[in-house]
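Peer 1: Whenever a hint applies, use it, and build me the whole structure from the sequences.
Read in order, the letters of the sequence shown correspond to residues 1 to 628 in my numbering.
Note that these hints are calculated values from the structure, not bench results. These numbers were taken from a predicted model, which means no experiment stands behind them. C-beta atoms are modelled at their ideal positions from N, C-alpha and C, and glycine is treated no differently.
Once the Cα atoms are required to be at most 20 Å apart in a straight line, the calculated EDC-like pairs of lysine to aspartate or glutamate come out as: (1) K433 - E453; (2) K576 - E591; (3) K213 - E195; (4) K7 - D28; (5) K429 - E454; (6) K8 - E71; (7) K143 - D157; (8) K95 - D57; (9) K13 - E71; (10) K187 - D157; (11) K504 - D440; (12) K54 - E298; (13) K123 - D147.
Derived Cβ-Cβ restraints for the label pairs, each shown as a range: (14) K29 - Y427: 46 to 52 Å; (15) D68 - Q93: 15 to 21 Å; (16) L289 - K6: 29 to 35 Å; (17) K429 - D28: 46 to 52 Å.
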Amino acid sequence: MDPNEKKKELRRKAMKLPLSPGVYLMHDKSGEIIYIGKAKALKNRVSQYFGSEKNHDNKVRRMVANVDWFEYIVTDSEFEALVLESSLIKQNQPKYNILLKDDKGYSYVRVSSGPWPRITEVKKVEDDGAKYIGPYMSSWSIKQTIDSARKIFKLPDCNRKFPQDFGKGRPCLNYYIKQCCAPCRGKITEEEYNEAFQEALDFIKGGSSTSVKTLTEKMEQAAENLEFELAARLRDRINAIASMKARQKVVASRVEEQDVFALAQGDTHTAFEVFRFTGNKLSDRESFLTEGLEPDAEARSEFLRQYYAIRDRVPPLIVLDGEIEDEELLTRWLSERRGKSVKLLVPQRGDQAQLVQMCRQNAAENIARQAGTSGRDASALDELRRLLGLEKVPAYIESYDISNLAGGENVAGMVVFENGRPLKSAYRKFKIKTVTGQDDYGSMREVIRRRLEEYKACQRKGEQDGFGRLPDLILLDGGKGHVAAVQPILDEQGFQIPLFGMVKDDKHRTRAIALTGGEIAISSHRRAFTLVSSIQDEVHRFAIGYHRQQRKKTAVSSTLTSIEGIGETRAKALMKHFKTVTAISEADLAELEGAPGMTKPAARRVWEHFHPPVGEDGGNSGEIAPNS
1 MDPNEKKKEL RRKAMKLPLS PGVYLMHDKS GEIIYIGKAK ALKNRVSQYF
51 GSEKNHDNKV RRMVANVDWF EYIVTDSEFE ALVLESSLIK QNQPKYNILL
101 KDDKGYSYVR VSSGPWPRIT EVKKVEDDGA KYIGPYMSSW SIKQTIDSAR
151 KIFKLPDCNR KFPQDFGKGR PCLNYYIKQC CAPCRGKITE EEYNEAFQEA
201 LDFIKGGSST SVKTLTEKME QAAENLEFEL AARLRDRINA IASMKARQKV
251 VASRVEEQDV FALAQGDTHT AFEVFRFTGN KLSDRESFLT EGLEPDAEAR
301 SEFLRQYYAI RDRVPPLIVL DGEIEDEELL TRWLSERRGK SVKLLVPQRG
351 DQAQLVQMCR QNAAENIARQ AGTSGRDASA LDELRRLLGL EKVPAYIESY
401 DISNLAGGEN VAGMVVFENG RPLKSAYRKF KIKTVTGQDD YGSMREVIRR
451 RLEEYKACQR KGEQDGFGRL PDLILLDGGK GHVAAVQPIL DEQGFQIPLF
501 GMVKDDKHRT RAIALTGGEI AISSHRRAFT LVSSIQDEVH RFAIGYHRQQ
551 RKKTAVSSTL TSIEGIGETR AKALMKHFKT VTAISEADLA ELEGAPGMTK
601 PAARRVWEHF HPPVGEDGGN SGEIAPNS
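Peer 2: Listed below in structure tokens is the structure:
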């Protein structure tokens, strides 16, 4: 069946669904469930999939294209629909739902056998003669603990084998920064190494507090026995543990137990970051990268349902970086899963807001790795998306500025930023053709109209680069007046491109972002502010540079066209041949006669213009040559 006909048939069936809450299951041709969702009103929700694709993202379009048939289950309430949806998703793992499989497994601490033992983190126990400690639920936490133990007790983390590799090669960097005892160079005896190793093992098993107590007792005993070198070494280890605990306070929470969630969106993917706190400390972190883009509130809601559907532990406090759909339903569902009340919090300031920001930056780093960009750029773009209320991250931004001098030499510059960085190969220059005088609004309207016409021409040719690609965001160097002047151009041609202005203060610094009805303060949004300021400065520089270039050409042209017999065509030909007015003035008569498009009379007039005859009094008897 033709895809369009299939879609129409599915819509007809969807329109016959009841207006009751329930769960719907989308199947492909093989009968496999590819998507499960819940609805407050089945008819309204399901029919949306098979109507206009105008507001659908790429993931939804692909899902709809693969739907062959659907079924539904009516429930008594929306809450029952949510519970059933979570259960069915966990059971079936449909490909177009956010898939959060509980595949982290358990981690173990492996203690190697034999002399000069090592401590490592592994995922499974093997029959290799080593000793295993665990299991541990958080692989991240145990990795951090092992890393801290190695640094505190100066144990090697290289791949060298001892005693086989004694004296082979130079010590690594860790030795020089005092994070390794360098057994490879004989800097420590086997007895001393085993002592440090056992203390590291005790640290991993008992935690920092137990280790400090034990080490303090040993240090005091060593001091009493006048073993001052040993006492000093133990003191350094105690100080190292204290230093580590101080660093941990940076990510400490004042709430005993809580989870912190944040998301960041890229061009095609959404990243979720989870910080898990227990005992007022960051005990675990998890990162997830999912394909497709959804509105933030919807994405958070779906992610939370999937995340806690596959986990037994639900904390009393869940901190989020923004609003969610179905907050009351989710709170009720989470509270029932926990057996006690659960609170959802979206902090605006204070320590919790700082934790959310840290979590969001980590999510942005995940997006950056996927896109091959920097975390700073990804974070700035995501922050700009949130600030402007955009549906997707503006990965491809075009910015425009008009430049003129008292209405003369009207030009415009267009710069492009891709993934937060200038894409200079896509920069374009415009000579204003239809506007005379100082009319920035009219000039900007002409430029945007011409740019959209170029896009249509590229589409007819099948070109996708340059003007053949539409921007995710247009930024004008100007205020709400510029936006109001240009928006009708986009509307009349049917382009739904977000359009904003960049407003400067009296000192020509970026102050705010303008829209048709007002302004959005931006100074408090550090990374978005830096990005927008960079764009505004770059487009202004580019437009000014082009304007100066045109003024220079005009001045040169007027110098030559002021000579009798030299019009615009000959002036251009002379400049093309000699490159500069100075070279023309220094050329002899023969060189001028040999220039393209020149005649002997014209060449003589040019030569005489730059070489006026000298009068008897020593002054110039002719006209003074224009300054070149």
